[in-house]
Each structure stands twice: as structure tokens, then as C-alpha cells.
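With the hints as constraints, model all of the structure from the sequences given.
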Amino acid sequence: MADPSHSPVALAPALVFLGAAVVAVPLFRYLGLGATVGYLAAGAAIGPSGLALISHPDAALAFSELGVVMLLFLVGLELEPSRLIAMRREIVGLGLGQMASALAALAGAAAAMGLSWRGALVAGLALAYSATSVALQAIEERGALNRPWGRRALAILLFQDVSVAPALALIPLMAAGGGAASWSSALLAVGLALSAVALLVAGGLKLLNPFFGLLARAGTREVMTAGALLVVLGAAAAMEHAGLSMALGAFLAGLLLSESRFRHQLEADIEPFRGLLMGLFFLSVGMSIDGAVVAGQAGLLFAATIGVILLKLVLAFVVLRVGGSGRMEALATSAALTPAGEFSFVLFPLAAQLNLMAPQAATLGLAASALTMLVGPLVGKGIEIAYRRLPKSTPADAADFAPDGEEGTVLVIGFGRFGQIANQVLLAAGVDVTVIDSNVERIRAATNFGFKVFYGDGGRLDVLRAAGADKAQVIAICVDDQATATRIARIARVEFPLAKVFARSYDRRHTIELIEAGVDYDMRETFESALAFGGATVAEIDGEDTRAADLVEHIRSRDRQRLLAQIEEGRIQAGGDYVYREPVRPEPLTAPARKSAALNAETRSVVAGDAPAERGDADVTP
20 MADPSHSPVA LAPALVFLGA AVVAVPLFRY LGLGATVGYL AAGAAIGPSG LALISHPDAA
80 LAFSELGVVM LLFLVGLELE PSRLIAMRRE IVGLGLGQMA SALAALAGAA AAMGLSWRGA
140 LVAGLALAYS ATSVALQAIE ERGALNRPWG RRALAILLFQ DVSVAPALAL IPLMAAGGGA
200 ASWSSALLAV GLALSAVALL VAGGLKLLNP FFGLLARAGT REVMTAGALL VVLGAAAAME
260 HAGLSMALGA FLAGLLLSES RFRHQLEADI EPFRGLLMGL FFLSVGMSID GAVVAGQAGL
320 LFAATIGVIL LKLVLAFVVL RVGGSGRMEA LATSAALTPA GEFSFVLFPL AAQLNLMAPQ
380 AATLGLAASA LTMLVGPLVG KGIEIAYRRL PKSTPADAAD FAPDGEEGTV LVIGFGRFGQ
440 IANQVLLAAG VDVTVIDSNV ERIRAATNFG FKVFYGDGGR LDVLRAAGAD KAQVIAICVD
500 DQATATRIAR IARVEFPLAK VFARSYDRRH TIELIEAGVD YDMRETFESA LAFGGATVAE
560 IDGEDTRAAD LVEHIRSRDR QRLLAQIEEG RIQAGGDYVY REPVRPEPLT APARKSAALN
620 AETRSVVAGD APAERGDADV TP
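Take 20 as the starting number for the sequence shown in the working numbering and just add one per residue.
Just so you know, these hints were derived from the structure itself, not from any lab. Not one of these hints is a red herring.
Straight-line Cα separation of at most 16 angstroms, EDC-like style, residue types lysine to aspartate or glutamate; simulated pairs:
{"#": "1", "residue 1": "K490", "residue 2": "D451"}
{"#": "2", "residue 1": "K519", "residue 2": "E535"}
{"#": "3", "residue 1": "K490", "residue 2": "E514"}
{"#": "4", "residue 1": "K519", "residue 2": "D489"}
{"#": "5", "residue 1": "K519", "residue 2": "D539"}
What follows is a list of derived Cβ distance ranges for each label pair:
{"#": "6", "residue 1": "G232", "residue 2": "L34", "range": "40 to 46 angstroms"}
{"#": "7", "residue 1": "V42", "residue 2": "S214", "range": "45 to 51 angstroms"}
{"#": "8", "residue 1": "D451", "residue 2": "R107", "range": "22 to 28 angstroms"}
{"#": "9", "residue 1": "I104", "residue 2": "V557", "range": "55 to 61 angstroms"}
Don't be surprised by glycine CBs; every beta carbon is placed ideally from N, CA and C.
Here's what the structure looks like:
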């Protein structure tokens, strides 16, 4: 039996973290400052320099870096290789321009403050990097990952991640004086890193889809989640072992799965872990702010923080404008890149350890980096407010902030027999369609139609969001399970009010459920086929189609009126027996032309009620 005396000690840090997040994040969101600033402020409040509720934030920071790893995996899932190739100009051109200009300016400023050229170069490098976690959090909060300025910010961040390996090789080289052995070690490290990337990409292309296909056939959601975590953390560990950032490994894994049919299911499985760990990361960064340094060097630290933000903002703005960005796009992108990167928490301690700078200077650099993470999002918020108030002087400025609209116009949930036939019409009409299904074989079949297809449970809100339900014009529910269809209809009506909801119905009672759930259109799978069958029979007997078509339309209209009357009766009697508690007996929708006749003794007995009817079509109204 567990010793209860240890429980408070084990639970105390978790309670402090959760309590700080629950109080600070809603407050800062209410103030319009975003969740990131809330986490940072909460971390500063509970850390050693605040209330000292947490005395050792380093362990939490190391663990919470997994949040950045999860975030980069999700970013990789959002990109297809074709889009990444299309972004090569932005990645190389804008990324190199931003890093080179920021490095030169910040290293020069550090040298002017008295650091040696080696120490100044490390300081400039550490501060030139941007905080991937802060930038992407800000982009996500504004829904801008698929907007031009969000993509350009992502391109620069990707270049920075790729440049981590050369930077890590450069610093020991400077400390060793740049001898031949050092250069040889640096080249070996770069070669190892490139080989690791090539090996990861080759292995991922060959193994990832079969791996997740095998897990999907097991039919257990927890196994898919475990597999996703295994891939993310395995790729991150492989890249770290090769001297690259863990975030780069996770990004590559996500990129390799971006065109997989399992994309949205994986995204939904990873998202909860990413959110919790990202929150812990920002709390840990806030806790790492050294209050003694802030108090003792307040003036210098304030000047350094503002100077770093302004320099990075102006230089990135110039690079982006030269690269063809619009004015407001360049401002928004530059603001997202102002906070110093998570890599600074590695570079400054490493520089002090290698005697490239004094420990006091490294501590000041760490404090300035953390403060830029706190102040940087406020700059982005200020630019957003200014953008809303200022007139849009050019159409390009307005277009910079418009989404691409890449989500499907119609989101189809279910690709069985019904869904396949419905999609044939959509395909023939040239409609942009996204298909979700939880059956691996049906997903494979859907790829033959040219749709965007993804493996996932369409009854989960997170999967629907990831698939673009909030951007879809129509959500078409084609699943064959009644309860699932009704649940999806209710979710769609509440969570995606702008979308029209079309649903496949099983029978009359199911249709009533769907109408009450708020669907815009329902189709009973047996009713319409039976009408067509009956109409064709009448047309054959008449020798022409006119009367049959009129009769079919008349019966369809009367059936709809009957449905509405049943719904109204059910509401008046608070779910009365006729609609919900008793089987609805099939009744003629038009008066019969003659009295029915039983043709044998057994039939006469059944009609008279002397013999029980066998369960069959009589129990189910079409």
C-alpha cells in the first residue's frame, strides 16, 4: 500500500502548475494578451524569484521541451512536401536574410557592451534565433498558419531549426581556437547530422504508413496514440543524438505523415499532449527569470530586452519587404519572430561553460531571452490592434491576412456504399471534398476517387476540427450507424453553425432524431428507393411516366407533413408515445381505392390478430 505521507510532496508541484495555469491563462486571455503571456507571467509568479512555490524549475523546463517537439510534429502534419518545396525560396532567402542580419546587428551590439568577439558572436547567435513555441502559438491563436504571413514566419523558423547543427558545431570550434582538429570535428558533426536526416527521411517514407496501417487494423484508439507518441519521440531522440534539435526530428516525422490517410487522427491524438506540455514549457521559462539579476541590472536588462526586440523587428521587416511581402504582412511576421529562441537556453550556459563569456553575462543573456518571450507577444498584439484600426491602404495588405481556403468545400464523413455513390455526384460536379472514415480499406478505396482522404473517427470533435469542419460549406454525414450519425449531427450543429448539415437516415424514427438535431437535409435510404421502385412499377403499368411522377411527389410531400406532425405531437406531449415509445406502424399515405382481402386462412388469422406477426419490415417504418 502506498505511503500517504509522500502524496503531498509528489502532488504539490503538479497542483501548483495546474493552479497557476487555471488562474493566469483565462485572466490574460480576457485581457486580450493571449495564453503565452499568461503562462510566462504565472511562471514568474510561482518561481524562485516570485512566491518560490517551485524552487527547481530546471527539471520542469527539460521535460516541458517535449511540448515544443509535439508542436513541431503538428506543424509538419500541416505541410505537404509539395508546399514545402514551393516554400524553398522563403526558407532559404528569407531565413538566411533574417538570421544573417540579426546575427550581425546583435553581435555588434554585444561587442559594444564589452564582450569579446567570441562571446559577442555567441550572444548574437542566441538572440537572433526566434522562439518557435512562442511564434507558432501566436500564429495559431490568430488562425494564421495558412495565411501568407504565417507561412513566411514558419519558413524562417524552419531555416533556424536547420541551422542549429552548424551553430552547435561552431561554438566548441571557437573555444578550441579553430585548429585543424577542431575543423575536422565540426565537419564530421555536420556530416553525421546530414546522414541522420537522410536516414530518417528514407526510413519514414518506407515504414510509417505500413506501421500506422497495422495499428489501425487493431481497431484500438490507445494503440494509435501510443504509436504516434513513439514516432514523434523516436524521431526527436534520433535527431538529438545526431547533434540536431529534437524539434527538427519531430517536424520531419510530421512532414513525412502529412500526406498520409492517418494525418487527422494523429493530429487529434497528439494535440492534448502538445497543449499540456507547451503550457508547462512557458511556465518553466517564466520561472527561469532570475529576480536578483532583474533587480540588480534592471536598467541594462530593460534596455537589452527592448533593443533586441526592436532590432529583430526592424531587420526582419526590411528583409521581408525586400522579399516582396506587403507592409502589414511584414509587420505581423516580424512581430512573431521578435522573442529570443529556446535555443538561447542552451547557448548561453554552453558559452559560459567554455569560457567564451563570463557567467554573469550568460545569466543576463538568459534573463533578457526570457523577457523577450514575455514582451514579444505584446508587440504582436499591439500590431494586430493597430492593423484593425488603420485603413488598408492596398488590396495586398488585406489579402495578406486572408486565409487560403484550402479546406474541402464539403466534408464527407463515412465512405461506405452510400458515401461512395454520393461522392460520385460531388466528383462529377467538381466539388472540393474531404473524406473521413475510420475503416482502413474504405480509406484506401477513397484514394482512387481523387479526394483528400484521412483516417479518423468522424464522431470526435477534435478530428472534425482538424479536418476543416469549421471551414466547410456542407458537412455530409454518410455513416451507417444511427447513433453515430445523430451524435455527429448534434456536434456539427452546435460547433459549426455556419455549415449546412446533410445526413443519411436509416428510418422514420431516425429521421425524426436528425430533424430535432437540426440537420438541414436528411435522406432515408429505403424511403426514396422504395418511392422510385413504386413509381417505376406504376409507370410500367400505365405505359407512361406522368402519373407515376405526380404520385411519387404527392406521397413524398404527404410523408414530410406526417413527419412534421409526428415531431410536433411528440413535443406537445413531451416525447409522447406515438413518436418515441411505440413502434410507428406503417400506414397508407393515401386512401386505398378498395378494401383489402386476405387470400388464405393463415392470412385471415394474422389480420384478425389471432396469430403473432413475425418481426420484420412491419416493425420498421421506412
